[in-house]
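Student: The whole structure should be built from the sequences, with the hints applied where relevant.
For the sequence shown, the UniProt record's numbering begins at 1 and goes up steadily by one.
Errors might be hidden in some of the hints.
To be verified - Pair by pair, the computed Cβ-Cβ distance ranges are:
{"id": "1", "residue 1": "2", "residue 2": "34", "range": "42 to 52 Å"}
{"id": "2", "residue 1": "126", "residue 2": "90", "range": "30 to 40 Å"}
{"id": "3", "residue 1": "28", "residue 2": "73", "range": "15 to 25 Å"}
{"id": "4", "residue 1": "146", "residue 2": "101", "range": "44 to 54 Å"}
{"id": "5", "residue 1": "146", "residue 2": "8", "range": "45 to 55 Å"}
{"id": "6", "residue 1": "39", "residue 2": "83", "range": "16 to 26 Å"}
{"id": "7", "residue 1": "105", "residue 2": "137", "range": "26 to 36 Å"}
{"id": "8", "residue 1": "17", "residue 2": "94", "range": "53 to 63 Å"}
{"id": "9", "residue 1": "101", "residue 2": "14", "range": "46 to 56 Å"}
{"id": "10", "residue 1": "71", "residue 2": "137", "range": "13 to 23 Å"}
{"id": "11", "residue 1": "71", "residue 2": "13", "range": "36 to 46 Å"}
{"id": "12", "residue 1": "102", "residue 2": "69", "range": "22 to 32 Å"}
{"id": "13", "residue 1": "4", "residue 2": "69", "range": "51 to 61 Å"}
{"id": "14", "residue 1": "109", "residue 2": "69", "range": "14 to 24 Å"}
If you're looking for bench data, these hints aren't it; they were derived computationally from the structure.
All residues carry an ideal CB built from backbone N, CA and C; glycine is no exception.
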Amino acid sequence: MLIAWIALAVLATVFVCWCYFTAQRLNRLHIGTDAALSSLQAALDRRADLVGVLAPGAVDDARRAIDVPLAPGRFTERAQLEHRISDHLRDFEGDPPELLERAVFRVDTSYRFYNDYVTRTRALRTRPLVRVLRLGGTAQLPEYFALSLNDGEN
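Tutor: Following this line, the structure appears as structure tokens:
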């Protein structure tokens, strides 16, 4: 009988440890998702600034894009504005300056990192046991940001 109690205590300890480490991992993933979102917004804002400076017809679209924060619930609005900026990039005559190419590269990289964090966070958060035990806390489930990866290419 004592062995059964010891086995039960070991199983309970393993389960509690699993819950603790899963909650910690989710917390780190949410922090990483927030950091990647901030990085993506900075990269998009920088690209919009450069396009606004280099393409005179893009100033209004660039300003509007920068004024819309990259926040959950406003992704569609920001993505539409970014699509307009991408149209201005495609209309850019000649080779774009190196500074603009680097800005486009940063947008692509930040976009991939953010969506990768979202994929990993959602994969862990949507597991049945994690959902039942509410290990994700009160944090919202992150959303994907849709952006064409060929933006700016001729």
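Student: Please list, smallest to largest, the hint numbers that this structure does not respect.
Tutor: 4
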